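Chemist: Listed here are the chains, written in short residue letters.
Protein chains: 6
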Amino acid sequence: MKGITTLGVGEAVDHFLLIKQATKAVTTQGSPFMTLILQDKSGDIEAKLWDTTDEHERLYHPEAIVRVGGEIHHYRGKNQLRIKSIRPMKEEEGIQLSDLVPAAEKPKEVLMEELQQFLFEMQNANIQRLTRHILKKYQTKIMTYPAATKNHHDYVSGLIDHVVSMLKLGKALCELYPTLNRDILYAGIILHDIGKVRELSGAIATSYTVEGNLLGHITIMVTEIDKAAEELQIEGEEVMVLQHLVLSHHGKEEWGSPKKPMIREAEILHYIDNIDAKMNMLNRALKKTPPGEFSERMFPLDNRSFYRPTFDE
Amino acid sequence: MKGITTLGVGEAVDHFLLIKQATKAVTTQGSPFMTLILQDKSGDIEAKLWDTTDEHERLYHPEAIVRVGGEIHHYRGKNQLRIKSIRPMKEEEGIQLSDLVPAAEKPKEVLMEELQQFLFEMQNANIQRLTRHILKKYQTKIMTYPAATKNHHDYVSGLIDHVVSMLKLGKALCELYPTLNRDILYAGIILHDIGKVRELSGAIATSYTVEGNLLGHITIMVTEIDKAAEELQIEGEEVMVLQHLVLSHHGKEEWGSPKKPMIREAEILHYIDNIDAKMNMLNRALKKTPPGEFSERMFPLDNRSFYRPTFDE
Amino acid sequence: MKGITTLGVGEAVDHFLLIKQATKAVTTQGSPFMTLILQDKSGDIEAKLWDTTDEHERLYHPEAIVRVGGEIHHYRGKNQLRIKSIRPMKEEEGIQLSDLVPAAEKPKEVLMEELQQFLFEMQNANIQRLTRHILKKYQTKIMTYPAATKNHHDYVSGLIDHVVSMLKLGKALCELYPTLNRDILYAGIILHDIGKVRELSGAIATSYTVEGNLLGHITIMVTEIDKAAEELQIEGEEVMVLQHLVLSHHGKEEWGSPKKPMIREAEILHYIDNIDAKMNMLNRALKKTPPGEFSERMFPLDNRSFYRPTFDE
Amino acid sequence: MKGITTLGVGEAVDHFLLIKQATKAVTTQGSPFMTLILQDKSGDIEAKLWDTTDEHERLYHPEAIVRVGGEIHHYRGKNQLRIKSIRPMKEEEGIQLSDLVPAAEKPKEVLMEELQQFLFEMQNANIQRLTRHILKKYQTKIMTYPAATKNHHDYVSGLIDHVVSMLKLGKALCELYPTLNRDILYAGIILHDIGKVRELSGAIATSYTVEGNLLGHITIMVTEIDKAAEELQIEGEEVMVLQHLVLSHHGKEEWGSPKKPMIREAEILHYIDNIDAKMNMLNRALKKTPPGEFSERMFPLDNRSFYRPTFDE
Amino acid sequence: MKGITTLGVGEAVDHFLLIKQATKAVTTQGSPFMTLILQDKSGDIEAKLWDTTDEHERLYHPEAIVRVGGEIHHYRGKNQLRIKSIRPMKEEEGIQLSDLVPAAEKPKEVLMEELQQFLFEMQNANIQRLTRHILKKYQTKIMTYPAATKNHHDYVSGLIDHVVSMLKLGKALCELYPTLNRDILYAGIILHDIGKVRELSGAIATSYTVEGNLLGHITIMVTEIDKAAEELQIEGEEVMVLQHLVLSHHGKEEWGSPKKPMIREAEILHYIDNIDAKMNMLNRALKKTPPGEFSERMFPLDNRSFYRPTFDE
Amino acid sequence: MKGITTLGVGEAVDHFLLIKQATKAVTTQGSPFMTLILQDKSGDIEAKLWDTTDEHERLYHPEAIVRVGGEIHHYRGKNQLRIKSIRPMKEEEGIQLSDLVPAAEKPKEVLMEELQQFLFEMQNANIQRLTRHILKKYQTKIMTYPAATKNHHDYVSGLIDHVVSMLKLGKALCELYPTLNRDILYAGIILHDIGKVRELSGAIATSYTVEGNLLGHITIMVTEIDKAAEELQIEGEEVMVLQHLVLSHHGKEEWGSPKKPMIREAEILHYIDNIDAKMNMLNRALKKTPPGEFSERMFPLDNRSFYRPTFDE
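Chains as they are written, first to last, in the UniProt record's numbering: chain F, 1 to 313; chain X, 1 to 313; chain E, 1 to 313; chain S, 1 to 313; chain A, 1 to 313; chain D, 1 to 313.
With the rest of the complex left out, here is chain F (with noise of 0.2 angstroms):
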């Protein structure tokens, strides 16, 4: 069955979809709506529900599971869905909410795996050790979280799925440039965005937590090193270090971090991170535009509009 995204004008729907958002309104006239974000592993689309009821309200809440009829319409530029019918999931009908998320190309188990790998590839008993505490304590989240809540890799899995990426492009610096010290690039590349894992609610309808809002996953990651650290009873420079890495990856004062990079392979952290992100928007909105046109517009890239040239088949 087709992904509802990827359904053209007209196209019929038939689908079991998952509840996203649901936000109650009135209309001009004063009869009461509501406007559902619906979403399956292919992303997601809105529509709207007219003429609703307090059972409706009941039964349409967020992380519903719901089979939607209806068809595609286009509607100020995006494509909407026409709701005809809609009723919950029969516990029967088995739909699971994994079903209807999307995420990582690749399971989280060997996501995971390829990420170890870079981990026996440390030298530096310290680094190494703190490196895998950490990884420990939060496997479980590290596996399922997105890195963000929107923009880039804001999917199931999208944390690990980031943080492996980086570290094969990582790899590929170290090998380019041999002063580079693999140790610390790839321990900064693995701690640097864990403190999501406090900073955001959980895998699927991603929201901030309190603790992120005030503190943010920078913050809460230098205090998990510190304690990492004193429950290993670590005391060499490179909890400093990996402090610091984590510290200053989004490379400015203005972007959060209380320090800039000071540390060579600091400075090459936040290029590896902005480059994994930002190719990762990229990809993503590119492949919705055909040759000899321009993608949407992208507000994390300066709301710029990319063009496919006409040659790039």
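What the hints contain is simulated information worked out from the structure, not anything from laboratory work. In this text, all values refer to a predicted model and were calculated from it rather than measured experimentally. Hints may be right or wrong, so weigh each one.
Treat identical chains as interchangeable: a pair holds within one or across any two.
[Stated by the list, open to error] Result set (PhoX-like, lysine-lysine): computed pairs, CA atoms no more than 25 angstroms apart in a straight line:
id: 1; residue 1: K136; residue 2: K106
id: 2; residue 1: K260; residue 2: K287
id: 3; residue 1: K278; residue 2: K171
id: 4; residue 1: K260; residue 2: K24
id: 5; residue 1: K287; residue 2: K48
id: 6; residue 1: K137; residue 2: K227
id: 7; residue 1: K108; residue 2: K2
id: 8; residue 1: K106; residue 2: K168
id: 9; residue 1: K2; residue 2: K168
id: 10; residue 1: K260; residue 2: K288
id: 11; residue 1: K141; residue 2: K252
id: 12; residue 1: K288; residue 2: K24
id: 13; residue 1: K84; residue 2: K171
id: 14; residue 1: K2; residue 2: K48
id: 15; residue 1: K150; residue 2: K278
id: 16; residue 1: K106; residue 2: K287
id: 17; residue 1: K41; residue 2: K136
Use these hints to put chains X, E, S, A and D onto chain F, whose structure you have.
Modeler: Using the frame of chain F, we list chains X, E, S, A and D on its own:
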């Protein structure tokens, strides 16, 4: 005896002075000389020592105490000390380093006692215990460190002087705006700069530590609060709230706070810190400025020069 | 009777309300309607009036008082009033405009008396006479105008409320920092915003005057001080000093002050103004925010949302 | 006799010169010397006076006229005057200060006459009377003051030179864009910088007055217009409009205008001011630049260096 | 017949109009409608066409000419056209597209002739030949293209209208500042925006080309000058100088010029361009603004609203 | 023989050195001297030549080779060479300029061969032909020019060294992100900086050309691509795409790119350029920095100082 910075041009010098900085150089004709920054409690002054030898370099190093004879003269808009005689202090003369460095006006023990009074006013046990714990851990350093290497409160016991002054202002604000939470605000004031005791190298001839450069006093303090909470087994939201106050007290990302203030007392803490630092700089500069004239330019105040009205007796 | 903004969704309305704004429009189907902003002392609420006629447009204009029956409902994250009946107030019902607009908590006469106390404390005759002269000239307006059209102290007598609160803070600062010149600071506080009585259109339904747009309250006040000095034949430097305090109180050129503060009291005036405005905004927003939640975003506070700690009872 | 700045390296000097600045200093070996900035109508040049005595310091002060013998040499990319003999002018030699300061090319009386022509073209009586009144009040100073202490039109009568040049450009613009109001634009041009006669200290050796620093020429002029209107009992909107033109002529808050231009002629006034100032700076720098080379860097032009094409004879 | 934008609310419409834009949509109740932007020489107006069919969509597309009956009404602060009848123009009615689009006031042939006069005044053969060559190559488009898609000179023949107006201003400046090189300045003015004929899609319903987006008119023109020089075998510095004028005419890197002006005429070209564009925008906005009122906000003028004085008849 | 920059303080010098810069000056006592910057392959060092004559000035000019005897001493935190003897190289000594300038580690022929390999991997004939054509046209210069006058790759063959390093990184990225178009990216990397061969004056003692200042290497290269396409009669979109890559490779308007990257490979090109330049600067600075210390400040890296961890052996 008049302090070295209070002497006028032409006045004779016969003072014990502390060498704050000593820089070797050669004249354009190739003869070696040294530039000394010499200080006593009143502040510091520059002096040149001509035709220096290896022996001079051995004797006249930073933190050495010397007896200097000479005269004040004027050079490029500043006073200088023209050295006529110089020798190291003899042991039996018994001058202490502490006799020659500027310090807070009140004794540090008095300042600490004043600070303690604010602890007693706290009602929230978690906040009080956390604050007391950290205060105790670093008590000696808190009582002697400056608040900065230059600009404001950059003298012995400058840190506690700044904190006590801020606490008094905080108390006045709590009386005027009763919605402010006294416990949060007092604790925030006490803790906000304690990270300086690890960021800076000591009470005298202060410079930045490696950790100070790579992590900074804000991050250092946030991890200290975490550690204290663990040691005291405190788990309430107070821990995170105090971490946020420390984290955000510079007010903006560009100024080194990874999060802007998002709690009422955090916003006010930023203002109190600012006012107290600026009053300290303004008072110091305007004390030297006669009515009807402009002060020297102050770099941390956007390089402004301040006017002292003629009628401000 | 409960204020209109304190009613919950579903509660019935039968209130006298003041029309603050009235905007005509047509639905997408072409039928005319009006959007009304209705207010009482507790604040304001939006309402739609459907299928309106010329008669409606004639009756329901800004500053008209109406009696409205209806119900509170929820629309796009905000409460709205669903109008079931509406009619103009009858003369014999005797509701006054002043019964329906938010105002300072203390009566304006009390505020003026508090302000006068600070005049008595002044020692410099020139400063005192100048300040008193201008106060007298605009006394009525100073007692009723808001300090702004929105954001902070934007209610009847908001201007004097703001000034008196600032004076109290100024007094506390003078006690903590005795180098501050009380006369200059008090006069600066009293005068700094009086230009608003020409910049703004009035105490109710306040907008900007042409002169307010083209010259602004800062410039207006500087010329007023000039005029007052001429009328009182005062020639001392005090005139220029007070002009500078008014001129520089926004703190920076980008914020509309053609000169940055260059007098100690000018610098402090800027801080006092800021703290009092921010406390006013914060208190208003956090009063509506339950412990453990974030407030609505506040545009003039860099669009920040503030957190109210769970333990902040 | 050739002007001092037009002599080449190695050429002999025997000139009457005005001391513009005189700074005392000591060499690294402790012998006193003075740095003199000496000028005649062609501009200024630096000179060192070695082994100076108290007598020298008494004789060679700013605004003293001296007779200097010596030679031009080259030092760090600039010409200097090597002094071989120096003595104060004798009274009977009768050199005037005005013989030795750069000035506008046209006599100040001619410039004033040209300016007056524009007054005659004004049709609006209020605008004409206001402008004439202020012109009269400061006529002497307007005819001799520079327009700035450095950068552009920084010579005797530079202010009126600048204004007349702007009026001619204003006239050309009124012809090309007939919607421009001639009265407003001419008056705005004439008045915009007259505040300089109180902001600056005088026609020669010009510095900022206290009032110039604390209020600035823009604010000074706005209050002058107010005062003039009162004296002439003019009440129309013209007063406010002219105040707005003066207020906004720097174009942006960051550049010291508390309001951006909001009247058509105010916007154009800002451009005319800019073009005339820049042409003045460009012409001065490029006159010294041979075809095929770059000029010296000009700080007020974003530190740019301008190229003179080889074919620009 | 009065132009569509000059009719008041309530006035009847019976006009031939050009469809400038046509957007399909559905109401919240699901019935399809179209939003049309309709224009004649006086400007454009919005209209809604309710309950549309496929037939409507086929007939009413951009660049179609229609006859519309209806009435002007007011909606959200703007006039709209309420359509009562609409039909495509019949061939025999013979209305031309050019009858319904705004255009420069003077005929394009007159503008071209005026422009040619400036070519005759040029003395430098290289500059003249280069300019003439490029003018000829794109002559037709230069005579019909707008200078921009919106904001200023955004009408048929707007480009040449802008250039001719700038040339006149350039001439006035050359007379006032005789150091300006007429040849360089005139050629710079003529060439600076010709790249628009490749950056933009055409004279009507103008949008950006792919090349316009990826390279921009500045770069396009610089390569055109290179090509022209090669075709004419011109090798002098004039080529580079003209390229620099085009390159730098936006004045700053942030505004799309890879180099700031570094030639006297380049600096002035930037000012002339700015003044002419702003006068065009100001005149258009203020024509619609009665004396004593503020214009609509203009986004490219920092979103400012301009005041028209009451005495500006 | 040890390179001049690798000698310690006090070590004797007897080296052939190249004069990189020679500046004449006079001491404060009026005796002439010269400041020489002398270099060999290891880098450069400053030296003073006292009491110089016209003969000295004639002999010791930039690009002259000299034999110098003397000693290394320390002056203001930097090493200097104290000259005891100096004479011009005798012809028979046969030292070549190329023996005394720093250069890429690999021979330029090897670098060119490595670069050629990437041409072979290209599949798109248009892109390959265009790139090959331009490479050929400037082959000699590409093999010897530096990539910049200072900061990074500022040595002989620095340009091709930078390009080859970037190509290797580009290849690694194409493997990790298969959506990248290899042809576009490789061609973009090869072409992006070739404009430097016209922007800069040569391989040694490099400065900016007039054309380099007025047009810049970006614009120069865009017109070169245009010309190449015409000569090869290539008309596809590839021409514009490569022009866009060159145009946008500085990433932002503020940094001299008139267009931001709008093609996936353009975005990545900007990152590759940045990483390779920064690794070059970081490696050079950190090679001189012992573990546990901070490097000198690097201006093009926001003036940051980088820390080398103690455990980074």
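Chemist: Since the copies are identical, ignore which copy is meant and state whether K260 and K24 lie within 25 angstroms (CA to CA) inside a copy, between copies, both or neither.
Modeler: Neither way: K260 and K24 sit 44 angstroms apart in one copy and 32 angstroms across, limit 25 angstroms.
Chemist: Checking K278 and K171: alpha-carbon separation at most 25 angstroms within a copy, between copies, both or neither?
Modeler: both (19 angstroms within a copy, 18 angstroms between copies)
Chemist: How do K41 and K136 come out at 25 angstroms by Cα distance, when the copy is not named: within, between, both, or neither?
Modeler: neither (28 angstroms within a copy, 51 angstroms between copies)
Chemist: Evaluate K150 and K278 at a C-alpha cut-off of 25 angstroms and name the case that applies: within, between, both or neither.
Modeler: Answer is within; shortest intra-copy Cα gap is 13 angstroms, inter-copy 30 angstroms.
Chemist: Up to 25 angstroms between alpha-carbons, please classify K288 paired with K24: within, between, both or neither.
Modeler: Classified as between: cross-chain Cα gap 22 angstroms, same-chain 31 angstroms, threshold 25 angstroms.
Chemist: Given identical chains, is K287 near K48, meaning Cα to Cα at most 25 angstroms, within a copy, between copies, both, or neither?
Modeler: For K287 and K48, the Cα distance exceeds 25 angstroms both inside one copy (27 angstroms) and across copies (35 angstroms).
Chemist: At most 25 angstroms between CA atoms: does that hold for K106 and K168 within a copy, between copies, both, or neither?
Modeler: within (15 angstroms within a copy, 27 angstroms between copies)
Chemist: Is it within, between, both or neither when you check K260 against K288 at 25 angstroms Cα-Cα?
Modeler: Answer is between; shortest inter-copy Cα gap is 21 angstroms, intra-copy 36 angstroms.
Chemist: Check K2 against K168 for me: Cα-Cα at most 25 angstroms, and say if that holds within a copy, between copies, both or neither.
Modeler: The answer is neither: 32 angstroms in one copy and 40 angstroms across copies each exceed 25 angstroms.
Chemist: Between K108 and K2, at a C-alpha cutoff of 25 angstroms, which is it: within one copy, between copies, both, or neither?
Modeler: Result: close within a single copy only, 24 angstroms intra versus 55 angstroms inter.
Chemist: Between K106 and K287, at a C-alpha cutoff of 25 angstroms, which is it: within one copy, between copies, both, or neither?
Modeler: within (19 angstroms within a copy, 41 angstroms between copies)
Chemist: With 25 angstroms as the alpha-carbon cut-off, assign the pair K136 and K106 to within, between, both or neither.
Modeler: within (21 angstroms within a copy, 45 angstroms between copies)
The structure fails hints 4, 5, 9, 11, 13, 17 (numbered hints given earlier, in ascending order).
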